Structures are given as structure tokens and as C-alpha cells.
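Each protein sequence line maps, in turn, to chains H and W. Offset between the first sequence (1-based) and the working numbering: plus 7. Offset between the second sequence (1-based) and the working numbering: plus 7.
By construction, these hints were calculated from the structure, which means they are not laboratory data. Model, not experiment: these values are computed from the prediction. Check the hints yourself; a few may be wrong.
Identical copies go unnamed one by one, so any copy, or any two together, can satisfy a pair.
Subject to a maximum C-alpha distance of 30 angstroms in a straight line, what follows is the list of computed DSS-like cross-link-like pairs (lysine-lysine) [unchecked claim]:
(1) Lys186 x Lys230
(2) Lys70 x Lys230
(3) Lys70 x Lys161
(4) Lys70 x Lys216
(5) Lys70 x Lys225
(6) Lys161 x Lys186
(7) Lys312 x Lys161
(8) Lys221 x Lys161
(9) Lys317 x Lys52
(10) Lys70 x Lys221
Number of protein chains: 2
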Amino acid sequence: MTALASLTNHQVRLAQRLVGAPTRDNWSFTTEPVQEPAEGGVLVKTLALSLDPAMRGWMNEGKSYIPPVGIGEVMRAGGIGRVVASKNPAFAVGDTVSGGLGVQEYLLIPQDQINRNGLFRIDLRAGSLTQWLNVLGMPGMTGYFGLMDVGQPKPGETVVISGAAGAVGQTVGQIARIKGCRVVGIAGGQAKCDWVVKELGFDACIDYKAGDVKAGLKEHCPKGVDVYFDNVGGEILDAVLARLARGARIIICGAISQYNNTTPVQGPKNYLSLLVNRARMEGIVVFDYADRYPVAVAEMAGYLKDGRMKSREDVVAGGVAAFPEALAKLFTGENFGKLVLQVASE
Amino acid sequence: MTALASLTNHQVRLAQRLVGAPTRDNWSFTTEPVQEPAEGGVLVKTLALSLDPAMRGWMNEGKSYIPPVGIGEVMRAGGIGRVVASKNPAFAVGDTVSGGLGVQEYLLIPQDQINRNGLFRIDLRAGSLTQWLNVLGMPGMTGYFGLMDVGQPKPGETVVISGAAGAVGQTVGQIARIKGCRVVGIAGGQAKCDWVVKELGFDACIDYKAGDVKAGLKEHCPKGVDVYFDNVGGEILDAVLARLARGARIIICGAISQYNNTTPVQGPKNYLSLLVNRARMEGIVVFDYADRYPVAVAEMAGYLKDGRMKSREDVVAGGVAAFPEALAKLFTGENFGKLVLQVASE
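Taking the hints into account, I'd like the entire structure generated from these sequences.
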């Protein structure tokens with residue numbers, strides 16, 4: 008334990024609010040000595056961090072589903088870590104844990120913040136470390152509860168997913184397939200489209216960079232779209248709205264096409280299709296389902312084990328110093344699979 | 008019965024499709040001799056016609072919840088009429104009926120079209136002739152099922168209604184009040200606002216012509232909006248989206264602010280409030296509830312009888328020749344209460 012005092016914690020803090028896409032200038036890089044936990048506390052060493060579109064929202068001022076990250080605060084991030092010191096009986100040195108670690112190498116959590124942090128032990132037999140940030144983590148939970156609780160797909164229905172090769176999208180599409188739906192993805196580029204069709208078993212995938220999404224929807228959704236899981240907003244949301252089946256459900260999970268806008272958000276001009284088709288558009292925030300995560304994790308771990316579900320992570324090396332450039336990949340669509348920042352190897 | 012042959016049926020037909028607001032040029036005026044019904048048929052004399060925002064949509068080409076009115080066809084309209092000749096045992100001469108009469112003075116309905124037309128006998132003890140086009144008619148049914156089935160208001164919740172003094176709006180607001188909700192209307196002009204507050208018992212009304220709807224919502228909905236019944240779309244929908252309570256429900260009933268647009272529909276740029284607030288936006292088409300109309304009519308007739316519900320109709324005289332100018336009142340917001348075109352006195 009005495010070795011801890013010699014360690015340095017490298018951190019990435021939000022330096023300023025921003026307009027448009029985040030750049031290196033939005034961040035400051037700080038160091039702190041690593042400290043022993045007090046009674047009841049835990050010290051966690053970050054192994055990997057989850058990089059998510061939602062981070063862009065947390066950087067903005069103003070009311071949202073959780074408070075924004077304050078200027079000068081360590082950037083919020085979920086991650087997987089290892090307990091390196093513990094004065095809490097619930098956590099032993101060597102435990103692998105998931106929680107709100109922040110973009111930093113170490114997190115000291117006092118006893119009274121363990122619950123608020125959402126820290127819990129994970130079982131690497133259920134899935135790999137990066138899978139715990141993907142299908143077994145927040146993206147997987149978002150996909151699972153968004154699709155099942157809000158989308159309520161029935162066998163034989165057509166489910167369309169934008170950001171299909173992303174962390175949430177790959178989970179949604181595979182669950183929909185397992186539940187007996189016709190699954191059509193929308194993704195950027197032939198490689199992503201090939202992957203979701205050939206590897207994940209989607210029925211079709213529309214490459215929005217290559218052509219007309221409307222034409223693709225017409226071809227691949229001849230009976231209309233029953234469930235649309237929207238991660239992107241913008242033009243693609245409008246194209247799907249124009250193709251809804253009667254009684255369709257749209258899950259609003261995000262709008263990555265709009266997050267870096269310097270102009271106002273583009274509202275879905277085809278929203279009156281909701282009226283014509285008696286359809287529903289509903290938002291989801293994953294934290295509302297926290298008490299049911301274990302059930303979803305168990306179901307998905309089963310699918311991973313029996314091979315019905317695959318997962319793909321895009322792991323960026325370089326530690327916390329590489330965070331700004333890694334995050335930017337999300338908004339260019341450059342990442343392929345769940346974007347993970349590797350912070351330490353063990 | 009021999010007198011029928013001497014009668015002329017004046018009709019209004021859709022002469023051309025249009026961009027923007029309808030004018031007299033969009034219509035042609037024709038006459039036909041009135042004919043005896045064949046075996047099983049009914050001849051109905053139009054007494055009053057319902058003029059509705061939905062008519063603007065029926066004038067457009069293209070897919071909607073019902074087919075458009077064809078060029079040269081008699082304009083579709085719901086109305087109340089009197090049976091003047093019948094060879095059908097279900098209808099007697101003198102019966103008052105409601106159905107899809109069209110903008111014309113007489114409608115001859117062959118036996119095989121009676122069901123499709125939606126023709127049914129009405130009971131003038133339940134409500135007056137114009138009330139049967141208002142709270143007991145399509146607008147009332149739309150308000151009732153939109154609010155109750157889609158909005159699912161709970162006592163104590165805040166319900167906001169745009170087009171509050173209109174046919175649907177007045178019904179929705181009064182039902183919400185009866186169900187124990189806090190009711191806030193949005194209407195154009197002091198007279199309409201005063202009426203919904205003083206006469207209909209709304210808790211407040213925001214005059215969108217006089218000032219800032221956002222400020223009004225902040226003042227009158229301090230805990231946010233739980234249910235929003237949207238008849239107008241546009242800026243007002245956006246203002247309400249910015250003020251949603253957690254778990255809010257938005258009923259998309261119409262978008263009169265957008266129907267005469269010559270530019271694309273203005274999509275709700277604040278739609279991501281659905282995500283932040285785990286809220287829902289859902290469309291309603293009244294015809295889906297046809298099998299439950301009698302239940303709703305009975306409930307509302309009870310409210311009319313015991314005085315808990317009032318209704319206001321704006322009756323325009325002048326017969327079918329006055330149809331073009333009467334319809335235009337809807338889109339200028341000039342009408343005050345349910346707009347009705349009187350076609351014959353008896």
C-alpha cells in the first residue's frame with residue numbers, strides 16, 4: 008500500500024464550454040498525487056473508459072437529464088477499473104468494478120459516494136472488460152430497455168436502427184433479430200453495413216453515405232417501419248418518419264447528427280406522420296431502468312455465451328492524454344463499434 | 008314524395024389542388040336534380056355542415072389517414088341532416104341523422120354505402136343539432152379519446168391545450184377540468200381567453216397573439232406540462248416542448264399553423280425534450296375509436312345536461328354558397344367556437 012503515495016493521477020478536465028465539435032482546447036490536463044482511501048472508501052485504478060455521444064451533452068450548460076459537467080471538473084465518464092486499495096468490506100483489492108470513474112487514471116471514492124457513483128463489481132466470466140462497456144454496459148442497457156420497454160417489438164415486425172454499427176445500435180439490432188423481427192440498419196460506409204449484415208445477422212443495412220436513405224427504406228421496409236430506434240436525428244429521422252407503418256413506435260435515444268450544431272436543432276419536419284399513422288415518439292434515459300440492469304445483463308450474457316450475440320469494440324490506446332482525439336471519432340463517424348479508451352492494461 | 012323531382016341540389020366541388028390558403032377559386036359550384044332513393048337507399052337533406060381544419064388536408068394529394076378528395080368531387084364534410092325520403096327500414100322520414108354528407112344540399116345514399124358513409128340517427132334530446140357537430144360530434148370524440156386514451160391525464164396534473172377555444176380544444180379543456188386536472192389554454196385574442204377561463208372554467212389561458220407563450224407557460228405551469236393537446240404545431244408546440252414535465256404526453260391532433268404552409272412543415276426543434284423528460288408524442292385519428300363513440304357521447308351528454316360542460320358554436324349562414332369564405336375563417340383564427348355552416352333551417 009505504501010507504493011500508492013508515489014503514484015500520480017493524470018486527469019482531463021473540462022476547461023471551457025464550447026460551440027460545435029469538441030477540440031483539444033476544450034480540455035485541461037492536470038495531475039494529482041494518488042491518496043489512500045479513508046475508512047469505508049475505495050481507490051479504483053481506471054482500466055478502460057467508455058466514450059459516448061452523450062458526453063457532448065454533458066459539456067453543455069443548462070438543464071438536461073443530469074447536471075452538466077462544471078468548468079474545471081474532471082470530465083464525467085463511465086469506465087471499468089480495478090480496486091487497488093479498499094477500506095470497504097464490499098470491495099476487495101483486485102475486484103473489477105464498473106462505475107462513474109471520470110477521465111482520469113485513479114478515482115478515490117469516499118464511502119458516502121459509492122452508491123451515487125454507481126460503483127458495482129462485475130464478473131468477467133459474463134463478458135470481457137470491453138463488453139462490460141458495450142453490450143453489458145450503458146449502451147447495451149440503453150438498447151435493451153429502449154427497444155423492449157419503449158419499442159415493444161413483436162415478432163415479424165420491421166425494426167430500423169440508425170447508428171447501427173455503434174454501441175447502442177449493434178445491441179438493438181441483435182436483440183430485435185433474436186426476438187424475431189426483420190432488422191434494417193442505417194450506418195455510414197460499406198464496411199459497417201457489411202458487418203451488421205454478415206456478422207450480426209441484420210436483414211439489410213442502408214449506407215447513408217452512399218445514397219438515398221428514403222429509397223433504401225422503401226426497398227428494405229416494404230410494409231413500413233414498425234419500430235425505429237433513433238440515435239442520430241436530422242435527415243434520417245425525417246426519412247424514417249416518412250415511411251412509418253400504422254401504430255409505429257420511435258425510440259428517441261439520441262441525435263448525434265445534431266449535437267455539434269452551431270445552428271438550432273433541426274426538428275423533424277415529417278412529425279405529422281405520427282398523426283397520419285397513429286404513431287408514437289418517445290424518449291428514453293437509461294438510468295431510469297437501473298434496478299433492472301441485472302436482468303438485462305443476465306439475458307445478454309447468455310446471448311454472448313451461446314453465440315447469438317456478438318459485440319465489437321473500437322479500442323483506442325494512449326491513455327487519458329488521448330481522450331480529446333478519441334472522443335472526436337464519435338462525431339465524424341470514424342469509430343467502428345463501441346468506442347473505448349484504454350487507460351491501463353492491468 | 009313527388010315534390011322531390013322539382014328540387015335542385017346545389018353542390019360545392021373541389022376544382023383544383025392548391026398551395027397555401029384555400030380561396031373561392033379552388034371550388035366549383037354545380038347543380039343536380041334531386042332523385043328518389045332506390046330500394047334500401049335514403050335521401051338526406053343537409054341541415055348543417057361541420058367545417059374542420061382537417062378539410063385542408065383532404066384537399067391535398069397524397070397519402071394520409073383517408074384518401075384525398077378527388078378533383079371534381081363534392082367536397083367531403085360531416086354534417087347533420089334530415090331524412091326526406093327512405094326506402095330503408097332503419098331510417099324513417101323525419102329522422103335526424105349524422106354522417107358524411109358532403110358540401111351539398113342533398114345526399115342520396117344507396118343501401119350499400121350507408122355503413123361506409125357512417126350515417127346514424129342522432130337524438131336531439133342528448134344535445135342540440137350544432138352540439139352534435141361539436142362536443143357530441145367528431146371534434147368532441149377527437150378531444151375525448153385523444154385526451155383520455157393517449158393523454159391519460161391524472162387528477163392534479165397540468166393539461167395544456169392549444170386552439171383552446173376551438174371545437175376540439177373546448178372539449179378537451181372541459182373534460183380535463185372535470186377529471187380534476189389543472190387546465191391551461193392557449194388561444195388567440197383576449198375574448199377567447201376570457202371565455203375559456205370565465206365560461207369554461209379553465210385555470211388560465213395564454214393569448215398567443217398578445218405576448219410570449221413561453222413566459223405564459225412558465226407562469227401558469229410552474230411544475231411543467233404533463234399533458235399537451237396540440238392542435239396547432241409550429242412555434243407553440245416548440246414552446247410547450249421546452250416546458251415538459253418528466254413523463255409528459257403530447258397528443259398530436261393537428262397543426263393548423265402549418266396546413267397552409269407554402270414552405271415545408273416546421274419540425275419541432277425542441278423534440279429532444281422528449282428524451283430529456285422521457286416524454287411521449289403520439290398521433291390520434293378519431294375514426295379509430297368509432298366503436299366507442301356511443302360511450303363518449305353518453306358521458307358528454309351527461310355533462311351538457313348537468314351543466315358541467317358548455318359548448319359554443321360559430322354558425323355561419325348562407326348555405327353551401329358561403330362555404331369558401333366560411334372555411335377561410337378557420338385559418339385566420341377568426342372563428343370563435345366550433346365552426347358550423349348552416350345549410351337549411353329545417
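Against the structure, the hints come out as follows:
no., hint, result
1, Lys186 x Lys230, "within (18 angstroms within a copy, 39 angstroms between copies)"
2, Lys70 x Lys230, "between (39 angstroms within a copy, 15 angstroms between copies)"
3, Lys70 x Lys161, "between (35 angstroms within a copy, 26 angstroms between copies)"
4, Lys70 x Lys216, "between (33 angstroms within a copy, 28 angstroms between copies)"
5, Lys70 x Lys225, "between (38 angstroms within a copy, 15 angstroms between copies)"
6, Lys161 x Lys186, "within (8 angstroms within a copy, 34 angstroms between copies)"
7, Lys312 x Lys161, "within (24 angstroms within a copy, 45 angstroms between copies)"
8, Lys221 x Lys161, "within (24 angstroms within a copy, 40 angstroms between copies)"
9, Lys317 x Lys52, "within (28 angstroms within a copy, 68 angstroms between copies)"
10, Lys70 x Lys221, "between (34 angstroms within a copy, 16 angstroms between copies)"
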